[in-house]
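K.L.:
Sequence order for the protein chains is A and B. The first sequence begins at 20 in our numbering and counts up one residue at a time. The second sequence begins at 4 in our numbering and counts up one residue at a time.
To be clear, the hints were calculated from the coordinates, so they are not data collected in a lab. It is possible that part of the hints are untrue.
Calculated lysine-lysine pairs in the DSBU-like style (CA-CA distance at most 30 Å, straight line) [as the list claims (entries may be wrong)]:
id : chain 1 : residue 1 : chain 2 : residue 2
1  : B       : 299       : B       : 37
2  : A       : 69        : B       : 304
3  : B       : 299       : A       : 84
4  : B       : 263       : B       : 289
Below, a sample of chain A positions facing chain B; criterion: calculated Cβ distance under 10 Å [to be verified]:
id : residue
5  : 32
6  : 37
7  : 39
8  : 40
9  : 43
10 : 71
11 : 78
12 : 79
13 : 81
14 : 82
15 : 83
In this text, a Cβ means the ideal position worked out from N, Cα and C, and glycines have one as well.
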Amino acid sequence: MADEQTIAREFKVLNKYGIHARPAALLVKAAGKFACEIYIGRKGSEVSAKSIMGLLTIEGHQGSKLQVRTIGEDAVEAMLEIAELFEKKFFEE
Amino acid sequence: MAITLQKLLEAGEERLALELILGGEHLGRHIGEKALNRPGLALTGFFQYFAQRRLQVFGLSEFTYLKSLSPAEREKRLRAVFEKDVPAMIIARNRNPLPELRALAEEYGVPLFRTAMITSRFINECTLLIEELTAPRDRIQGTMLEIMGIGVLLQGKAGIGKSETALSLIERGYSLVADDITEVIRKSAGRVVAYANELTRYHMEIRGVGIVHVPSLFGVASIRRETTLDLVINLHTYENDAEEDRTGILPSDIDVLGVKFPYYALPVSPGRDMANIVEVTALNHKLKLLGHDAAKELDEKVMETFLRKAKK
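Okay, chain A solo, but in the shape it has when bound:
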């Protein structure tokens, strides 16, 4: 499709406890607002950002680097929102 676009960025997990249940829920909630597909993970193993259980399995502890890919019409907006969560340490500290 013409307006399909893929954006990829890497984020470092900054908050102390990493992506545990609460940050995972925030990610899922943010991702749920967009129509595009959103994946988070490391090379070779990524999960949908719309799955809580999936997000817990990527083991996003403090200091780990995670790739985020957004694919679809609203990929830019979605990436901005996800970026904010990472940058603001999921509002934990």
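We have chain A already, so just place chain B on it with the hints.
P.N.:
Using the frame of chain A, we list chain B on its own:
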């Protein structure tokens, strides 16, 4: 909330073996305080503290004391009590009222009751009854079910499928308490008890079918007269899922009669078996009560693991 003597008499006629001797025209009087008083001390003339807004109960000791006095003295002492405008007098052990008591009750327009019970038991039972009669109560929208001993109030907009969900749960062996309209009353110690309206009790309305009588269809095990309220579940459509908690570690609560209850907002969508989900919610709540909070435990495990890995 004050109650009238009329209400007390109606409710207590059987339970308290309560009987009106005289003063029927004054039954509109209110009981000012939710406790009872034995006027023994007041009869001796001590009025520095006298619980005059309470029902006054005459037991064996009051009677024996009054009998020890001369008729004139007796009249004087009793008059002093009546002067305080007490709501009513109750004689325990079915004793006959002394003539002075009768005359003064007549004169002051204070109803005189009698009970067959002994004084201490009467005071216990009557306190409980007044407590019940004055307990905060409300009528709320929602279907009340009992799932494995957990009282679940199912709420949601009309047509979202409360009754249908309830029906599935009844088929699974759980019990209906009230359909669509639930009466709640707050008992002591913050317990809220839910029950159905007397008239429509055990009936349900299923869209397209009409009104059905649940025990006739599913047997007596499918109904319960009342249950304590343990949690509130709100069925809603996905459009308004802003408040939704996806992990179960951020519990919300809701106020019913001034008591807080766990509140779960469950989104309804095609293909989601709501009965199943309500059942899981209730059972998971029961598990939490037993001290096993799965969401929290997993989260703790996850955080601990991440912390260890971050340090490496």
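K.L.:
Does each hint fit the structure? Answer for all of them.
P.N.:
Cross-check of the supplied hints:
1. A threshold of 30 Å between alpha carbons decides the hint, and for residue 299 of chain B with residue 37 of chain B the separation of about 43 Å lies outside it, so the pair is violated.
2. Restraint check for residue 69 of chain A and residue 304 of chain B: the C-alpha separation of about 22 Å stays at or below 30 Å, so the hint holds.
3. A hinted pair counts as satisfied when its Cα atoms are at most 30 Å apart, and residue 299 of chain B with residue 84 of chain A qualifies at roughly 26 Å.
4. Proposed proximity of residue 263 of chain B and residue 289 of chain B is supported: the alpha carbons are some 17 Å apart, at most 30 Å.
5. Against a cut-off of 10 Å between C-beta atoms, the interface hint on residue 32 of chain A holds, since the closest Cβ of chain B lies about 8 Å away.
6. Restraint check, residue 37 of chain A versus chain B: the minimum CB separation of about 4 Å is within 10 Å; hint holds.
7. With its C-beta approaching chain B no nearer than about 5 Å, residue 39 of chain A sits inside the 10 Å limit, and its interface hint holds.
8. At about 4 Å, the closest approach between the beta carbon of residue 40 of chain A and any beta carbon in chain B falls short of 10 Å, and the interface hint on this residue holds.
9. Because the beta carbon of residue 43 of chain A sits about 7 Å from the nearest beta carbon in chain B, less than 10 Å, this interface hint is met.
10. For residue 71 of chain A, the suggested interface contact is upheld, since its CB lies about 5 Å from the closest CB of chain B, less than 10 Å.
11. Here the hint on residue 78 of chain A is kept, as its CB sits about 7 Å from the closest CB of chain B, short of 10 Å.
12. Proximity of residue 79 of chain A to chain B holds as hinted, the smallest CB-CB distance being about 7 Å (cut-off 10 Å).
13. The beta carbon of residue 81 of chain A comes within 4 Å of a beta carbon in chain B, closer than 10 Å, and the hint placing it at the interface holds.
14. The criterion of a C-beta within 10 Å of any C-beta in chain B is met by residue 82 of chain A, whose closest approach is roughly 5 Å, and the hint holds.
15. Hint status for residue 83 of chain A: holds, given a least beta-carbon distance of 8 Å to chain B, under 10 Å.
This entry does not satisfy hint 1, going by the numbered hints stated previously; all others are met.
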